Amino acid sequence: MFCVSAATTDVGRWREHNEDAYLADDCLQLYVVADGMGGHAAGEVAAREAVEVVSGMIRRGESILGAYAHCPSDETLSGVRRLVESSIQAAAYMVFGIAQQEPDQKGMGTTITMMVSVRGTAIIGSVGDSRAYLIRGESAYQVTEDHTLVQLQMRAGLITPLQARKSLKGNVITRAVGPREYVQVDTYVVPLQSGDRFLLCSDGLHGYLQLAEIPSLAVDSNLNQVCSALIELANSRGGKDNITCVVVEARAT
Numbered sequence: 001m002f003c004v005s006a007a008t009t010d011v012g013r014w015r016e017h018n019e020d021a022y023l024a025d026d027c028l029q030l031y032v033v034a035d036g037m038g039g040h041a042a043g044e045v046a047a048r049e050a051v052e053v054v055s056g057m058i059r060r061g062e063s064i065l066g067a068y069a070h071c072p073s074d075e076t077l078s079g080v081r082r083l084v085e086s087s088i089q090a091a092a093y094m095v096f097g098i099a100q101q102e103p104d105q106k107g108m109g110t111t112i113t114m115m116v117s118v119r120g121t122a123i124i125g126s127v128g129d130s131r132a133y134l135i136r137g138e139s140a141y142q143v144t145e146d147h148t149l150v151q152l153q154m155r156a157g158l159i160t161p162l163q164a165r166k167s168l169k170g171n172v173i174t175r176a177v178g179p180r181e182y183v184q185v186d187t188y189v190v191p192l193q194s195g196d197r198f199l200l201c202s203d204g205l206h207g208y209l210q211l212a213e214i215p216s217l218a219v220d221s222n223l224n225q226v227c228s229a230l231i232e233l234a235n236s237r238g239g240k241d242n243i244t245c246v247v248v249e250a251r252a253t
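Quick note: the sequence shown, position 33, residue 33 per the numbering used here, numbers continuous.
Take every hint as true, because none was put in to throw you off.
Restricting the straight-line Cα-Cα distance to at most 20 Å, the calculated cross-link-like pairs of lysine to any residue (SDA-like) are:
(1) 106 <-> 172
(2) 240 <-> 173
(3) 106 <-> 174
(4) 106 <-> 180
(5) 240 <-> 16
(6) 240 <-> 208
(7) 106 <-> 173
(8) 240 <-> 209
(9) 240 <-> 171
(10) 106 <-> 90
(11) 240 <-> 207
(12) 106 <-> 175
(13) 240 <-> 14
(14) 240 <-> 15
(15) 106 <-> 181
(16) 106 <-> 48
(17) 240 <-> 17
(18) 106 <-> 179
In case anyone wonders, no lab produced these hints; they're calculated from the structure.
Nothing here was measured: the structure is a model prediction, and the numbers come from that model.
Start from the sequences, fold in the hints, and give me the full structure.
Listed below in C-alpha cells is the structure:
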C-alpha cells in the first residue's frame with residue numbers, strides 16, 4: 001500500500017495572516033496539519049516549527065518505521081506509535097523553548113494532527129482540534145477527538161452535539177503543542193484498504209463541514225480538485241479562519 005496526496009492552505013476571508021502550516025510528503029509517507037495560535041505572528045511560528053520538528057523526528061526514526069515494515073508485530077507497531085508521540089512531544093518542547101526566549105511569543109502554541117503510513121497501516125497522532133477523517137466507500141468517520149472544552153462537556157453529558165455546534169466556547173482548546181514542555185498525545189491505528197482517503201484539516205475547514213457530506217465532497221479522482229473544492233466551500237460558508245486541508249489516498253502497490 002502506498003499513499004498519494006494533495007494539500008493546500010488559504011488565509012480565509014477574515015484573517016490577515018495565515019497561521020496554519022502543513023506537510024504532505026509522499027516519499028516519507030508523512031502528512032501533517034498544524035493550526036497556530038498566539039499574537040504577533042507567534043501562531044505562525046509555532047505551527048511552522050512544529051511541522052519541521054515532526055518531520056525531522058520521523059526522518060530520524062526511519063529505522064523504527066522499517067522495523068514494522070519488515071516485521072509487523074504488536075511490538076514494532078508500538079514502536080511506531082511511540083515515534084509519533086515522541087515527535088509531537090519534541091515539537092512541544094521546541095515551541096515552548098522558543099516562546100521562553102521571545103517575550104512577544106510567550107504562550108504561543110499550535111494544534112497538530114499527523115499521519116504516517118507504513119505497511120498498509122496509518123498511525124495518527126493528534127493534539128488540539130485539527131482533525132483526521134477517514135473516507136471509506138460512501139461513509140466518513142472522524143478518527144481524532146477534539147481537545148476542546150466543548151468536547152469535554154459533551155463527554156460529560158452536559159451538552160448535546162447540537163448545542164456544541166452552537167457553543168461560543170467551541171474554540172477553547174484544552175491541549176496544545178507549546179504552552180508547556182509536555183503535552184498528552186492521542187494516537188490511533190487504522191488498517192488501510194485500497195481506495196481509502198484521509199482528510200487532515202484545521203478547524204477553519206471542519207467547522208463548516210457536516211460529517212455526512214464529506215464523502216461526496218471527496219469523491220473527485222483529482223485530489224487537488226478535492227482540496228480546492230473544500231477550500232471554496234469553507235470560504236463560501238464564512239471563511240472566518242485560516243483553512244488548511246491535506247487529502248491522502250491509499251493505493252495498492
